[in-house]
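Engineer: Since each chain comes alone in its own frame, lean on the hints to assemble the complex.
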Amino acid sequence: MSIKYSKDHEWVNAADASAAVVGITVHAQDALGDVVFVDLPEVGKTYAQGDVAGVVESVKAAADVYMPVTGEVVEVNEALRADPSLANSDPLGAGWFFKVKLANPAELDALMDETAYGSFAASA
Amino acid sequence: MSAPAATPLLTTPLNALHLELGARMVPFAGYSMPVQYPAGLMAEHLHTRAQAGLFDVSHMGQLRLVGPDAAAAFETLMPVDVIDLPVGKQRYGLLLNDAGGIIDDLMFFRVAQDELFVIVNGACKAGDIAHIQQHIGKRCQVLPLPEQGLLALQGPQAAAALARLLPGVEQLVFMSGGHFDWNGCTLFITRSGYTGEDGFEISVPGAHTEALARALLAQPEVKPIGLGARNSLRLEAGLCLYGNDIDSSTTPPEAALNWAIQKVRRTGGARAGGFPGADKVLAQIDQPALLQRKRVGLVALERVPVREHTALHSLDGQPVGEVTSGLLGPSVDKPIALGYLPPALAAVGTRVNALVRGKPVPMEVAATPFLPPRYHRG
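Protein chains in written order, with our numbering: chain Z, 1 to 124; chain P, 1 to 378.
Hint data in this document are derived by calculation from the structure and do not stem from the laboratory.
Among these hints, one or two may not hold up.
Stated by the list, open to error - Heads up, incomplete: computed chain Z residues facing chain P, CB under 7 angstroms, no partners named:
no.	residue
1	G33
2	D34
3	V36
4	L40
5	E57
6	K60
7	Y66
To be verified - No farther apart than 27 angstroms at their CA atoms in a straight line, the calculated lysine-lysine pairs in the BS3-like style are these:
no.	chain 1	residue 1	chain 2	residue 2
8	Z	K45	Z	K99
9	Z	K45	P	K359
10	P	K280	P	K263
11	P	K359	Z	K99
12	P	K334	P	K359
13	P	K138	P	K89
Note that the Cβ used here is the ideal one computed from N, Cα and C, for glycine as well.
Next up, chain P with everything else stripped away, as it sits in the complex (with noise of 0.2 angstroms):
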């Protein structure tokens, strides 16, 4: 028998890079990606946490809906008040679909009164592309931008070590941004990121993104960082990784993804609806007596990782849930994870216990983010 021929990944700018770096490289969202370099996951999760690291994220997707439209129908497909957000500003939002489930999370920006920048995730690009040019493609235009590198740059020393390239950087807050010129390219660079940590996301034209990077990594505090601390970074900081926490299945309320949702948008506000799948997510977030299960925080009561699709069980033995996401974080250093529970069950502090490997581990319903998050938010 013979291994069905694989399809052929994609690579980033920064290929070249990751193998000189001596990145173990795995298949991820249809990309070779740097899974972790030599110094291993433990050492660049606290690396992180630390100082600064450095994160390719070139996988996902960037594009530009301009026109004098484009906010207002942008709006059309997400719960999230988009049409309000002042330029320089980045939010938060969540594509829907007609049952409320979604089909992606993202970030987007206001680059100005007619222009939005979105960031959606790798694996789902192509399908997100294609359901907004098919909603909204007659009111602007949708400008997919796949030959733009992607960095992040997160942590304590990651405002110190990009202010060296980029002086005036360090003047952004969470959550806004704006461009700047850096060796001839134009940066477009946003004080945000998927760690809980301070730190920067960093539009580059593919042809500067390794020139970039090697800028940044000559800076004392800076190292890289591979996709598997990304992960244990994210989780600690009890954000949700899109195909393990959310899908096309579970709607915002589930998720536990109410903040998202701008009062604007809910019932008597001024925009309530007009969004997919509004009547059963406004009807969830309404009467929340109508979930069937909720997102919550875990965390596990013995030194045992509970790691996803692990089935939870009510201390009388009933199957009552799953994990999502799970692993043993290295900063809260304890075994943590998200799930999901019946509402009964989500209260903080209500104890389950989760099968693993037949045996049953206690958990603890816990507030997320499971370590306090360090944003500069000015």
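This is chain Z alone, in the form it adopts within the complex (with noise of 0.2 angstroms):
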């Protein structure tokens, strides 16, 4: 399964649509710095895609977290909350932010894919 990215650098980890895995990217939080705080979505409540469902801080800027897609909260990365360091050190793994419950897998089709988000981020 692969994994998809926004234009918002976020990714999302579809190999299984009840719970697909959304965190930022390596780019976004090269560009962020050090993150010293992140604020998770509610659990149980629903976000379109585009939706603010998040805020991640470095000790220099604050970015907010979109909804990569639509869905379901079902589960936030608590460990992440306790220690936000986790986006920098693995930020496609220990430093996910939350799972959702995909309410329209189709969207996944227009997101982008490693080699196109590579080159989004090259020149952004």
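Structural biologist: Below you can see the structure in the form of structure tokens.
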């Protein structure tokens, strides 16, 4: 199962469509710098694609985390809340943000694959 | 639609070195400046507190005021004792407008009885120089030094590192300075800074700035530090950032900067008043009840950073003020801020709420600096 990327620099791993994993990209955490705080969405709440679902802050900046796909949040990463630096040290693994039950899996098709995101991020 | 053409950014004498070191460059005060190096803001901040950090602050304005009347003339622009500042000593100063608002904050140094050396904020320097020229240009020579570089070396190991290049520099104490020869050029050095640490600021001819920076970076204690960490270090030290925490709409008493106004310039002093906005500023000092707002330090009681422009509400939900600088302090390891509150809510320990993304975050008024300063007072 491949990972998809949004233009807002989130990644989605939808290997399990009932609990697709969302996080911020290597590029996003690098641009932000040392992450010191995350605000995570409410479990059980449904968000539309593009909604603000959280916040990630470094010492120097704050950024919104947008929902890359429509769906209900089924789990949030409490370990990340306790240690926000996981978003820097392992953004694609232990630094995940939340899991979403996909309402419309076809939305994934419009997201970028790794190659497309790589050139998008390089030009951003 | 096309973006408006950006004004070309100026560069400091260290531009090539910043790029070589892998700095992330950002526009700041009209210059391309390093916001951080590959180590990152947090590591740079902590390194400065533990050892020594080198900062490029060449964007700041440097100028000399020369002539037998220079000190008396400069004193007419600030609520500060300039005349009695001894040769070899440095002091904090505030340029005021006619309403007592702060045009800029600055450092000035008595080079000789008839000469002052002044360092002003980069974003304000053109306006400051015009202001000084206009008001006292007939009483003394106003000599900007745009070709000079300015480096800051800050941290508990700064003196040891700098003394290896310049034996004797360790004998300076906080807020004193002097001239030193290095590799055929003259450096002007003060023992001061903007981090709360012991350290030095070094004015160096532009053509020698890179060589000096490389010689300092070759010392084992010294690493390059960007503007990001400069901001978090100064905020932990409780120091104002012009444009954020003070501006032309804030007076020194509102900004809790009365400590910068020596007794001789206050009501009853030998040279009371005689600076722009004196009636208002002295009245605010003499009758603190006149103040509508006062700058305070704040600590969040939850681990949520509270940033500039965040609204502050009283516990009963009334808007009462605003945060002007705020971040998670890397050394204090909690969210800290500066902001303005009504005097009735400005006492240390008072609780207020910051409205962060619509949610109240409890904050408590705290004494500043947030960390004990470690200046070398000798």
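Engineer: Tell me, which hint numbers fail for this structure?
Structural biologist: The structure breaks hints 4, 7; every other hint is satisfied.
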